[in-house]
Structures are given as structure tokens and as C-alpha cells.
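Quick note: the sequence shown uses my numbering, first residue 2, plus one each step.
Any given hint might turn out to be false.
As the list claims (entries may be wrong) - Below, computed lysine to aspartate or glutamate pairings styled on DMTMM-like, alpha-carbon distance capped at 20 Å:
no.	residue 1	residue 2
1	130	141
2	148	158
3	140	93
4	148	56
5	148	67
To be verified - Label pairs and their computed distance ranges (CB to CB):
no.	residue 1	residue 2	range
6	79	127	29 to 37 Å
7	112	32	41 to 49 Å
8	136	53	17 to 25 Å
9	154	32	47 to 55 Å
Keep in mind the hints are simulated off the structure, nothing from the lab. Just so we're clear, the structure is a prediction, and the values are computed from it rather than from any experiment. Note that beta-carbon positions come from the ideal geometry of N, C-alpha and C, so glycine has one too.
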Amino acid sequence: MGHEKDWLEPPRRRVVPKIGKTISLLEDLLGKQLYHNSQSRNNQFVGRIEMNEEEFEQVLDNAGYERNPLAWLKRNSEREIEEGSWRSLNGEMQTHLIFYDGEKAPNANTGELFIYAHYEYRWDVHPWKHLVGEDVSYKDGVEEVRKMLQDEGINYDFIQPG
2 MGHEKDWLEP PRRRVVPKIG KTISLLEDLL GKQLYHNSQS RNNQFVGRIE
52 MNEEEFEQVL DNAGYERNPL AWLKRNSERE IEEGSWRSLN GEMQTHLIFY
102 DGEKAPNANT GELFIYAHYE YRWDVHPWKH LVGEDVSYKD GVEEVRKMLQ
152 DEGINYDFIQ PG
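Please take these sequences and the hints and turn them into a complete structure.
Here it is as C-alpha cells:
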């Protein structure tokens with residue numbers, strides 16, 4: 002992790018699970034799982050890029066994305082914890098971009114990132130709508146991030162991890 006704002010990630014990895022314990026109590030009271038625990042799934046897959054984490058974080062900075070400091074830690078199908086959580090703001094909504102380095106994926110090459118995205122309410126504007134996953138769109142998030150990659154001249158393919 003060489004990006005200047007990577008100092009945010011260690012505290013996020015300590016604090017967010019603690020907040021999650023409180024949310025789990027709320028889930029028990031409501032009798033349903035809330036959106037915060039969701040996994041990155043195939044319908045959120047944007048693509049695979051041949052770029053390291055530091056280079057990609059610079060691209061995200063240049064494209065107007067910002068770190069998502071209180072985002073829940075996501076996992077992919079290999080149970081790998083995400084390497085980064087970023088967002089692009091659009092009024093009361095955001096495109097949430099998550100990426101993995103494929104460390105646990107069979108046959109993944111070093112220097113590749115697997116990118117996932119979804120479009121949702123912002124947690125800092127509509128916390129409840131965000132928490133329950135109201136109006137989440139995987140399609141819109143994926144399309145926006147693919148457009149950003151194209152605008153930034155970054156080639157991607159559709160080969161998923163695993």
C-alpha cells in the first residue's frame with residue numbers, strides 16, 4: 002500500500018467490524034439480515050485490470066473518486082477481504098467501487114485487480130436507506146465504473162477470479 006491516504010485503511014479494518022457487531026444486534030431485533038454484510042457477487046463484477054493497487058488508486062483519485070472510510074468490509078467468492086473501497090458521489094447517491102488483488106483466487110496473476118461496483122444511497126446522507134440496501138443497482142454501478150475505466154484509457158476484461 003503506497004497511496005498517501007492508505008493510513009485510513011488500518012483504522013477502518015478495526016472500527017468497521019465493531020460497528021458491525023452493533024448492526025448484528027439490530028438484525029436480531031428486526032429478524033432479517035441487513036445489506037451491510039453483503040458479498041461482492043458476479044452481478045457486481047466490472048472487470049479485471051492489469052494494474053497494481055497503487056497505480057489504480059491514483060487513477061481513482063484522478064477520476065474524482067474518494068475513499069469510502071466507513072464502508073463495510075466486503076469479501077468475494079474466495080472469501081478474500083477487499084483491498085480497497087472507493088466511491089463517486091452523485092447527490093444523495095454514490096457508486097461504490099471495491100477491488101481485490103486476487104490473492105486467494107486460483108491461478109490469479111500478481112499485478113491484477115478484480116473490480117466490483119454497485120450504485121446505492123450514500124451512508125452519510127441516508128444511513129437507513131443505505132443500511133437496508135434500498136434501491137441498490139448493480140447494473141448502474143458496473144456501467145458507471147466501466148465508463149470511467151474507458152474514459153481513463155484502462156483496458157479491462159471480463160475474466161472473473163477463481
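Agreement of residue 148 and residue 56 with the hint, judged by alpha carbon distance not exceeding 20 Å:
holds, 18 Å
Against the 20 Å threshold, does the CA-CA distance of residue 130 and residue 141 hold or violate the hint?
holds, 17 Å
Given the hinted pair residue 140 and residue 93, is their Cα-Cα distance within 20 Å?
With a Cα-Cα distance of about 18 Å, the restraint between residue 140 and residue 93 holds, given a limit of 20 Å.
That 29 to 37 Å hint for residue 79 and residue 127 (C-beta), does it hold up?
holds, 31 Å
Check the following: the C-beta atoms of residue 112 and residue 32 are separated by a distance inside 41 to 49 Å.
holds, 45 Å
Against the range 47 to 55 Å, how does the distance between the Cβ atoms of residue 154 and residue 32 compare: consistent or not?
Holds, at about 48 Å.
Given the hinted pair residue 148 and residue 67, is their alpha-carbon gap at most 20 Å?
holds, 17 Å
Between residue 136 and residue 53, does the C-beta distance stay in 17 to 25 Å?
Because 34 Å falls outside the window, the suggested range is violated.
For residue 148 and residue 158, compute the direct alpha-carbon distance and say whether it is at most 20 Å.
holds, 13 Å
Hint 8 from the earlier list is the only one contradicted by this structure; the remaining hints agree with it.
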